[in-house]
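Novice: Sequence order for the protein chains is A and B. Position in the first sequence (from 1) plus 8 gives the number in my numbering. Position in the second sequence (from 1) plus 23 gives the number in my numbering.
Don't read these hints as lab results, they were simulated from the structure. Being a predicted model, the structure only gives us computed values, none of them experimental. Accuracy of the hints is not assured; some may be wrong.
As the list claims (entries may be wrong) - Derived coverage of chain A by chain B (criterion: at least 3 residues anywhere in the stretch with Cβ under 8 Å from a Cβ of chain B; other residues may be distant): (1) 10 to 23; (2) 141 to 149.
Claimed, not checked - Sample of chain A residues at the chain B side, in silico, Cβ under 7 Å: (3) LEU26; (4) LEU34; (5) PHE152; (6) VAL153; (7) GLY156; (8) PHE160; (9) ILE162; (10) VAL241; (11) THR251.
Just so you know, even glycine gets a beta-carbon here, dropped at the ideal spot from N, CA and C.
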Amino acid sequence: MTRYIIQRLIYLVITMILIATLTFFLMKFLPGTPLSAADKLSEEQQQVVLEKYGLDDPVPIQYFNYMVNLVQGDLGISFQFDNREVSTIIMERIGPSMQLGVQAMVIGVILGMLLGLVSAIYHNGFMDYTSTFLAVLGQSIPSFVFAGLLQFYIGVKFGWFPVALWEGWEYTVLPTASLAIFPIAIAARFMRTEMLEVMGSDYIVTARAKGVNKVGVVFKHGLRNALIPLITVLGPLAISLMTGSLVIENIFAVPGIGEQFVKAINVNDYPIIMGTTLLLSFMFIIIILVIDLLYGVIDPRIRLAEGE
Amino acid sequence: MENHKPNKDLFVPVDTTDTESEKITRPSLSFWQDSFIRLRKNVGAMIGLAVLVILALLAIFGPYLNDYGVYEQDLSRSKMPPKVEGLGWLGMDGTLSDVQSAATLEQAESKALMRFNNQEDFIETEVVNDGSNGEPAQVRATYDVYAAKDIQENYWFGTDGLGRDQWTRTWMGTRVSLYIAFLAAAIDMLIGVAYGGISAYYGGRVDNVMQRIIEILVGIPNLVLVILMILILEPGILSITIALAIAGWISMARIVRGQILKLKNQEFVLASRTLGAKDSRILQRHLIPNVLGLIIINTMFSIPSAIFFEAFLSFIGLGLPTPMASLGTLINAGFQSLQIYPHILLFPAVVISLIMIAFNVLADGLRDAFDPKMRE
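Generate the whole structure from the sequences, applying the supplied hints.
Specialist: Laid out in structure tokens, this is it:
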């Protein structure tokens with residue numbers, strides 16, 4: 009197990025270096041300059057600005073400086089906001105994104121589990137068909153379409169929750185709902201399949217034969233065993249939430265990382281694009297790693313297979 | 024009383040020879056025939072397939088069904104509501120309506136008229152709440168845009184902010200989505216299957232190197248990779264194609280590798296090799312066909328995610344450039360006037376949702392059909 013973790017950590021470092029390098033060189037080939045209104049500035053003025061940000065150095069030196077700073081946690085200075093460090097901008101904005109992500113994840117998985125459970129218990133009944141149908145809808149309808157519907161009906165027509173901005177808890181309701189719909193659908197479908205399989209197994213029949221009531225069997229014997237595989241979908245779900253936050257934060261004007269990323273792309277703010285890309289990739293890799301390790305810890309069969 | 028004895032001539036002894044008892048009476052079904060029969064019994068999957076066929080036909084022929092071009096702008100007919108002869112009961116009657124409320128009935132009425140520029144000749148007002156019960160008075164104004172602008176032809180899906188025909192643009196956008204669907208399937212089938220197959224079949228050092236490459240590629244979020252690719256290339260259908268080609272085949276390669284690793288040491292492969300078959304023949308004729316069911320299922324599941332991806336990129340402005348129509352850009356444009364003209368958002372949103380649902384349902388159906396455990 010230790011060997012496996014070390015091996016995975018080495019891959020993590022290699023991947024991060026590769027992504028940092030890739031991002032750096034891709035940024036260098038981007039069309040457009042970071043100077044706003046470049047045509048209005050004289051050659052000298054442009055030179056001064058480029059010098060200030062170290063953009064006139066040869067590319068290898070820029071790359072070296074970038075990597076050295078990166079290791080020290082310095083992501084450079086934003087072009088867009090004067091003299092603001094990218095790391096501070098990101099730190100300021102990580103809160104709302106995290107809050108939305110965690111809320112959507114928790115709500116999504118819990119609701120999805122319940123929906124899946126109901127489906128499995130009433131297998132092939134009305135409840136099953138309804139929740140399966142809802143799950144297919146949730147999985148298929150793009151999050152931005154759903155966000156639009158919520159904004160229009162709940163935000164504008166009924167006025168129950170604010171349409172956009174970020175000024176308190178009630179502002180998180182609509183974006184969280186838009187983000188949570190995909191996890192709900194995926195968790196529900198997964199839970200249904202797993203639960204049906206578990207409920208058909210011999211130990212469930214034994215438990216029933218011994219006289220355990222149906223509720224006890226479902227929660228004590230069924231749910232626990234069906235939960236283990238659910239961990240495997242948590243990783244892809246977390247990643248889909250990261251992707252989803254890019255659009256959802258823009259639609260609801262949430263001051264988070266996703267919104268900043270899209271904005272930065274539109275104005276060629278290289279340091280912010282690089283910083284956000286690295287952060288997203290880092291979180292992505294960590295999530296995959298944690299899920300893989302967690303899976304091994306929880307399911308003894310996998311740990312045994314690794315040991316062999 | 025005499026017992027009635029049956030006549031012995033009525034009975035014929037059973038033929039007990041092997042040829043007779045082992046005879047197969049039903050026609051034998053191959054794996055594919057059997058799967059197809061089960062797929063046909065799946066109502067949801069068949070509806071999904073039908074919806075896809077209809078949408079594909081509309082995407083191909085839809086833009087030619089009326090005379091408006093995709094880029095044909097005319098500000099005098101901007102933001103027209105949808106109008107279809109005979110579909111007025113669906114709300115597609117070419118009118119806009121809005122409810123205004125105010126303290127008194129007169130104020131509410133004048134506000135309702137003002138909402139549509141006081142064009143009284145073309146506005147019908149209807150009192151929703153006359154304000155006598157203490158609540159604010161509410162008046163609904165219904166404005167006949169086609170009559171007011173004196174436009175004779177009908178826009179089936181209405182027009183967008185620049186007066187471009189939404190029907191034509193929606194189906195042009197659907198073409199993009201369907202192109203992406205074919206592309207994603209092709210990439211999965213060609214690159215993913217070949218990569219996974221070669222990696223597993225040759226094993227050893229080849230497998231090691233190829234898997235390390237995959238491990239690094241998997242670490243990079245698809246989205247980040249795609250956005251960076253689109254940034255250096257010009258935004259457009261080509262850059263989305265290239266981006267999908269880089270990132271779209273990894274899960275397929277892993278699945279195919281896992282399956283081929285299981286199959287490659289089985290006797291039928293050994294037999295084929297003993298008979299002198301070349302590696303390429305063993306892969307193409309013996310190994311890949313055995314994994315084909317899984318390949319098809321996985322392809323079907325990667326199609327909706329690719330379609331979503333294109334729409335998503337276009338939605339945040341990294342997909343197709345502005346004048347071109349993609350369902351993502353159309354939806355984005357719809358957002359800008361969502362409150363007053365929801366129809367601009369409605370049609371592209373419905374079409375993309377239908378495409379996604381249809382592909383997902385069909386994929387589910389195929390998975391069930393190919394799964395021998397689901398057999399009754």
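Novice: Each hint needs a verdict: does it hold in this structure or not?
Specialist: Now the hints, each set against the structure:
no.	hint	result
1	10 to 23	holds (count 4)
2	141 to 149	holds (count 5)
3	LEU26	holds (6 Å)
4	LEU34	holds (5 Å)
5	PHE152	holds (5 Å)
6	VAL153	holds (4 Å)
7	GLY156	holds (6 Å)
8	PHE160	holds (6 Å)
9	ILE162	violated (13 Å)
10	VAL241	violated (14 Å)
11	THR251	holds (5 Å)
Of the numbered hints stated above, those contradicted by the structure are hints 9 and 10, listed in ascending order.
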